[in-house]
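Colleague: Kindly generate the complete structure, drawing on both the sequences and the hints.
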Amino acid sequence: MKRPPVLILHAPGTNRDQEAGLAVQAAGGDPRIVTVDEMTSRPGALDQYAAVVLPGGFSYGDALGAGGRLALELRAWLGDELAGAARSGRPILGICNGFQALVKSGLLSTPESRGFTLAANASGHFECRWVTLSVEPGCRSSWLEPLRGSVIRCPVAHGEGRFAARDSSVVAELEKAGRIAFRYLASGSAGGNGTDPAAGTYPANPNGSDHDIAGLCDATGTVVGLMPHPEDHIVDWQRPSGPPGAQGSTVFEALVDAAR
Amino acid sequence: MTRIQVNTADHPDEKHIVAAAEALGVAGLRGCRRWAVYHLDGRLSPADVDRLCREVLVDPVTDTAVVGPPPAAPHVVEVAPVAGVTDTAARELERAAATLGLGPLRAATARRYELGGDLDDDDIDLLMRRLLANPTIERSSRGELAPAFSPEAATGLAVAAVPLAGLDDEQLADLSRRRLLSLDIAEMRAIQAHFVACGRDPTDAELETLAQTWSEHCAHKTFKAHITLTHTRASGEIEVSDHDGLLAALRRATDELDVAWLRSVFVDNAGIIAFDDRLDLAVKVETHNHPSALEPFGGANTGVGGVVRDILGVSARPIACTDVLCFGPADLDESDLPAGVLHPRRIRDGVVAGIGDYGNKLGLPTVNGAVIYDRGYVANPLVFCGAVGLLPSGSHPTEPRPGDRIVVIGGRTGRDGIHGATFSSAGLDAAVAERAGSAVQIGDPITEKGCIEVVERARDLGLYNAITDCGAGGLSSAVGEMGARLGAVVDLAVAPLKYPGLQPWEIWVSEAQERMVLAVPPHKLERLRELCDEWWVEMSDIGSFSSDRRLVVRHGGLEVIDLPMALLHDGLPRRTMAARHRDPVPSDGEADALCGVDPDKLVLGLLSHPNVCSRAPIVGTYDHEVRGGTVVRPLVGPGGDGPGDAAVLKPLGTWEHDMAVALAAGIAPRITALDPWAMALHAIDEAFRNLAAVGADPDRVALLDNFCWGDPTVPDRLGSLVRAVQGCVEGARRYRAPFVSGKDSLYNEFEGVAVPGTLLISAIGVVADLHRATTSALTSAGHDLWLVGRGSVCLGGSLAAEMLGIGDTRVPAPVGEPLGRYRAVHRLISDGRVTAAHDVSDGGVAVALAEMAIGGGLGLQVAIPCDGIGAGAAANDGERASGPIATLINEAPGRLVLESPATERAAVAATLGSFGWRIGTVTGNNSIEIRVDRNGSNRDGDNRTGRDGTRNHGTSSNATAEVVISVEDARRAFGCSEARP
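First to last, the sequence lines map onto chains L and C. Sequential numbering from 1 applies to the first sequence in the numbering used here. Sequential numbering from 1 applies to the second sequence in the numbering used here.
Incorrect hints may appear among the rest.
According to the in silico footprint, chain C covers these stretches of chain L (three or more CB under 8 Å from chain C) [stated by the list, open to error]:
1. 49–60
2. 65–74
3. 128–136
4. 161–168
Here are the in silico distance ranges between beta carbons for each label pair [what the hints assert, rightly or not]:
5. L:Arg87 with C:His657: 42 to 48 Å
6. C:Ala19 with L:Pro243: 37 to 43 Å
7. L:Glu173 with C:Val67: 27 to 33 Å
8. L:Ser150 with C:Met1: 54 to 60 Å
9. L:Pro5 with C:Asn925: 55 to 61 Å
10. L:Ser150 with C:Ser335: 54 to 60 Å
11. L:Pro243 with C:Asp460: 39 to 45 Å
12. C:Gly653 with L:Gly115: 41 to 47 Å
13. C:Gly156 with L:Gly115: 43 to 49 Å
14. L:Glu175 with C:Ser608: 40 to 46 Å
Source of the hints: derived by calculation from the structure; they are not laboratory data. What you are looking at is a predicted structure, and each value in this text was computed from that prediction instead of being measured. Glycine is no exception: its CB is placed at the ideal position from the N, C-alpha and C atoms.
Modeller: Here you go:
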């Protein structure tokens, strides 16, 4: 079967590009790691990719807030092209730093109306631990559709991942619009796959996110972002414990399928 | 000039500062509001400022901004980096402004703290000094602080001659002290003689170059010295022996093993060993002690950066980091803190944050380490940073050629890091912060990340003939070493600077971070430049290698250096040093004091000891998952509650087979004062059994040594160092494990008091099938538990002896022939017969068992024979049998606990033979039950199943000791605060 080309966008400081590439490869895609500078120097270059992944890392050192500088670059140089890609239904996935950049760039919501952000973890420091996620049954994203209601286990590794909404109406609207894509779940017994909500409790909800929100999609459902790293759980031996399954590879399979 | 300040609601620093102030004894601090301050110098309209705020600086949900002068607040402290200290936020802000089409502008940052509550001037002063700012790298002020932009214009460049001719010894010594050269009188004389013969005085840069190249840090003068050791045995017998170089002895030990899988050892930036049939592993461990003592975050930060560059310096792609940290007690009373020393808590928090920051940002998993608290480290914390890399076999070029360009890639050169090499070659004292000033830096991991991408690709494209990192001594060492057999011509005017105004000698010796030096054939320069552009890495061509064996450095038209390479590399006079060591008289101290001890409380006390308890609060802030290859993590078991013994890593790019890399460490500083020779063997054994516990092959283990000692010119300090090296040499032989790399850090002293002699042994091994790798967490009720290795009656150097104040000076005998047992364990794990394995170390077998129960969330019931009883027991360890309590807590080496399904019992028994025996069972009843019975030895493996029900908790007598604690209590003591998974 044809391998759709998937852009893995690399900014200075991006560091989970190789794993994201491996996950795309394993899912049947053709990953291409390309730098932001390379993309911005060739207008229209985005057209040759069937999907885009913004991987994790510390773009530009995150010196002005996580993902902030990358968001600026995306808006300034690639904003129209990325928005065009989203309109044409080509899936865009932002993971961790990529999610932070999507949120701050306005690609997940118009900048003027942005009522939510990703703030410093409630614990006050970087958190690296495995979490259990639900793919929300009500999520509107068409490319995540095959995964709705399923459970994924994978690690988080971030210092600024606390989903914070200006007020509760923001979450209600996101919920109503089907834009909440991933939530943290309580881990099941013996580190297995739970199904109960994390209900804000640490460490199942590792950063204190409002309403356990771990990931979102935009109003079209094409742009998806999440803090945890599904690319770090694509084979069984990567999982520290618990029963087989619940791999993050399903996210990349869905992305590649939608990109075909 | 525009000032913008931004407050983020619930910024974590605010809570942290209030809590830390209370720990400092400032109870009046009621609240703290933290502002990020940005100073912008450039033409900006109000609309421009508004746009910068909206698009870059201010988050609409969490942030509040004030443009212009700040509103008044009662207690204000502002803190800003000293000019020249890395300020990445300012740099990124300048670049972001450019993206927005604003500018050009210059930016500087600061932090503003508005402190609430009832505070007097002393309180605020204390908070400023001890919590909010570090004068080594920061300026601070009550109230508004004016920005310090980098200087704009160069001052006059000059090369000064330093008069040497005619100086007497006293004047030479004084010159060495005044200029921070750290050279002794023989070395000063050698330099003087050279220049007298040349008929001129050295330039400042020449003198600095010699001081850097000849520093203890770069030249390892002590490890290459001729040493005479006077060793007084406990019996009073005196042996005098000559040692022709400690480094040579370690190398010889490696050579004599004649191991086929070694690629490059001791000669390059890092050791290289074979991994699979295609790829090699590079490994290196460094220390960054002095910088971490003064500026913990920056010191540890740049420690990680430095060791990662060592890996790049052998053309390898870094794949993982390790860290071993030694601090003073976290609960040290403020009044016990020497003047000029940061509190251990502040050092620890800063070091941990610095390591996490750098490793996380580089995208390298920090996977293995240790933390040790001891009063001996109060003024001299030790920070060991390790890194591992991967490279195709034979891909590392090491031959620069005449005509090759000298190319520097990465960060710019600044005044930061001047005198690092010489600074770390002298002791510390209360006033060192002022003197060291520029020796300490903050890292810039994103620039280093760019170097990683460039070096890997440049290697694969064959763009360079040699590469090295710019570390201690800066360009002077890097170019001097790379061109040692050729010669080099350099023009410093070409080197890109962070800011103007650096004198030529400063550019030449600056240890500014994140720089690599490459020897590049002229026709490949253009391709390298394209690569550097693609990955956002700055590159400069500062000169070329010649063939006249001279080092010639200019700055434009100024002549800076003209030295023969022979003087730099062969001119250093070899030291002759005297060492003295006296073995302590063996004593069993107050061993009888154990009789009345409550074993339950003892075990819970050991589990909660700072040197045993859970490392989750530290490990959780390190990314140990990035690169997707971490098979065995630093924390293990379903809830991540158990301590991992060794890390197992599956490198990206090797997924076509099942082999994995195992990393472990061993360290035993409590034993050094008693027997430095045995200490080395204990440390090696600990590293080995940690590797054994995850299933690594004991016949393919490479070792690294890192010695941290005091002033080696003091004979008894040097004596214990020599004995420790002898222990390493013996260890290489007994364990058939080569040393592949090592480093010594001496002069770890504060006002004449030395750090406890500390040897870190790092070990790297191979797990044949990652699916079979084991962890310490118990897996299933009903499985058997086995104990490998015999205990000891000696408690000297054990954690329990220290905790209980028992003055036992008898150190458990090192294992005579260790490989047999480790091979047996390896066979069992490789065959899939073992479901969990854990090494017995700090706290002894009781702690090891409890940790396995904690990790697995399961109970256990075991009976252990009393140590010192039975055949062979007394042979090693002296005269009298041990009490049952001592059996629980002794730290004899060579021991592991294994969990195995009952169905494998016969196979396990057959493979272990006399190396181990079955001690009990994993249970599902949430209880840790350990019984030591002096009369009920069960070494035949015949476990009692039905025991009488009249057990008393925490009983001990001369005949028996029994621990019965719940897994919950053990978890709580160990520091697992969260609900059980």
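Colleague: Next, verify each hint and record whether it holds.
Modeller: Now the hints, each set against the structure:
{"no.": "1", "hint": "49–60", "result": "holds (count 4)"}
{"no.": "2", "hint": "65–74", "result": "holds (count 5)"}
{"no.": "3", "hint": "128–136", "result": "holds (count 3)"}
{"no.": "4", "hint": "161–168", "result": "holds (count 3)"}
{"no.": "5", "hint": "L:Arg87 with C:His657: 42 to 48 Å", "result": "44 Å, holds"}
{"no.": "6", "hint": "C:Ala19 with L:Pro243: 37 to 43 Å", "result": "40 Å, holds"}
{"no.": "7", "hint": "L:Glu173 with C:Val67: 27 to 33 Å", "result": "31 Å, holds"}
{"no.": "8", "hint": "L:Ser150 with C:Met1: 54 to 60 Å", "result": "55 Å, holds"}
{"no.": "9", "hint": "L:Pro5 with C:Asn925: 55 to 61 Å", "result": "57 Å, holds"}
{"no.": "10", "hint": "L:Ser150 with C:Ser335: 54 to 60 Å", "result": "58 Å, holds"}
{"no.": "11", "hint": "L:Pro243 with C:Asp460: 39 to 45 Å", "result": "41 Å, holds"}
{"no.": "12", "hint": "C:Gly653 with L:Gly115: 41 to 47 Å", "result": "43 Å, holds"}
{"no.": "13", "hint": "C:Gly156 with L:Gly115: 43 to 49 Å", "result": "57 Å, violated"}
{"no.": "14", "hint": "L:Glu175 with C:Ser608: 40 to 46 Å", "result": "44 Å, holds"}
In summary, the structure is inconsistent with hint 13 from the numbered list given earlier, while agreeing with all the others.
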